[in-house]
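Q: Here is what each chain is made of, one letter per residue.
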Amino acid sequence: DAGVIQSPRHEVTEMGQEVTLRCKPISGHDYLFWYRQTMMRGLELLIYFNNNVPIDDSGMPEDRFSAKMPNASFSTLKIQPSEPRDSAVYFCASSTRQGAMNGYTFGSGTRLTVV
Amino acid sequence: GQQLNQSPQSMFIQEGEDVSMNCTSSSIFNTWLWYKQDPGEGPVLLIALYKAGELTSNGRLTAQFGITRKDSFLNISASIPSDVGIYFCAAMNYGGSQGNLIFGKGTKLSVKP
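Chains as they are written, first to last, in my numbering: chain A, 1 to 115; chain B, 116 to 228.
If you're looking for bench data, these hints aren't it; they were derived computationally from the structure. What you are looking at is a predicted structure, and each value in this text was computed from that prediction instead of being measured. Glycine included, C-beta positions come from ideal geometry on N, C-alpha and C. Incorrect hints may appear among the rest.
Said to hold, decoys possible - Computed, partial: chain B to chain A, Cβ under 8 Å:
no., residue
1, Met126
2, Pro154
3, Glu156
4, Ala167
5, Pro196
6, Tyr209
To be verified - Have a look at the derived ranges for each label pair, beta carbon to beta carbon:
no., chain 1, residue 1, chain 2, residue 2, range
7, B, Gln117, A, Ala2, 29 to 37 Å
8, A, Met15, B, Lys166, 22 to 30 Å
9, B, Gln117, A, Lys68, 33 to 41 Å
Stated by the list, open to error - Chain B regions said to be covered by chain A (calculated; three or more residues, Cβ under 8 Å):
no., segment
10, 139 to 153
11, 172 to 180
12, 185 to 194
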């Protein structure tokens with residue numbers, strides 16, 4: 001398996017622009033998680049899905065953030081409009097319910113810089 | 116909310132030295148995990164612990180699940196340059212709701228050859 005695939009790896013955008021981050025989970029994994037990593041706050045869970053349905057989005061910082069999972073093999077995290085404080089590394093991770101006892105498998109992340 | 120306090124925040128050591136880092140919480144967990152993050156990559160699982168008092172090794176790495184279920188530590192013996200990276204503890208109550216895996220802030224390890 002190719003693992004969790006995220007794109008793009010790096011994104012530089014101007015304040016006010018829309019940003020879309022993409023994730024392809026491991027085939028057969030029915031849980032998908034979006035995390036944000038910053039120096040100040042570490043790894044924070046933003047939202048997670050089970051069987052393509054959002055279960056808990058309490059970590060989404062503001063209405064500017066939205067996430068979708070139209071099918072089992074694809075999810076997006078969108079920021080509109082982006083702000084400089086959104087600069088961070090965004091990780092997608094996936095798991096099965098049983099496999100969660102071994103934690104989640106993370107992608108390589110998208111480093112977002114908003115200028 | 117629940118928090119994991121990980122220390123030290125960073126370490127600078129000489130190749131060959133042993134390393135120790137720990138993680139504490141005011142909450143009880145039934146699963147503790149240790150991850151390593153290489154520069155530009157996502158965290159990768161190193162060791163998983165499921166029972167209070169459990170001691171588990173993975174090569175030069177040894178981790179323990181504290182008997183109070185509120186802490187865990189990770190030891191690296193005879194460090195080598197490729198041990199460089201950020202080490203994260205993580206904890207959850209497996210069997211509860213998903214999405215309850217929380218992370219410490221990480222220990223950044225630098226190894227001088």
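Q: All hints are to be evaluated individually against the structure, with a verdict given for each.
A: Against the structure, the hints:
For methionine 126 of chain B, the shortest C-beta to C-beta distance to chain A is roughly 17 Å, which exceeds 8 Å, and the interface hint is violated. Of the supplied interface hints, the one on proline 154 of chain B is violated, with its beta-carbon coming no nearer than about 11 Å to a beta-carbon of chain A, more than 8 Å. A hinted interface residue such as glutamate 156 of chain B counts as satisfied when its beta carbon comes closer than 8 Å to some beta carbon of chain A; here the least separation is about 5 Å, so the hint holds. Nearest Cβ of chain A to the Cβ of alanine 167 of chain B: about 15 Å, over the 8 Å cut. The hint is violated.
A least Cβ separation of about 22 Å between proline 196 of chain B and chain A goes past the 8 Å threshold, and the interface hint is therefore violated. Because the closest C-beta pair between tyrosine 209 of chain B and chain A is about 5 Å apart, less than 8 Å, the hint holds. Between glutamine 117 of chain B and alanine 2 of chain A the beta carbon distance is about 33 Å. The supplied range of 29 to 37 Å therefore holds. At roughly 49 Å, the beta carbons of methionine 15 of chain A and lysine 166 of chain B sit outside the given window of 22 to 30 Å.
As the Cβ distance of glutamine 117 of chain B to lysine 68 of chain A is approximately 28 Å, the hint placing it in 33 to 41 Å is violated. Chain A is given as covering the segment 139 to 153 of chain B, and this holds because 3 residues of the stretch bring a CB closer than 8 Å to a CB of that chain, at least three being needed. Judged by the Cβ-Cβ criterion of 8 Å, the segment 172 to 180 of chain B is not covered by chain A as claimed, because only 0 of its residues qualify and three are needed. Counting residues of the segment 185 to 194 of chain B whose C-beta sits closer than 8 Å to any C-beta of chain A gives 0, which falls short of three, so the coverage hint is violated.
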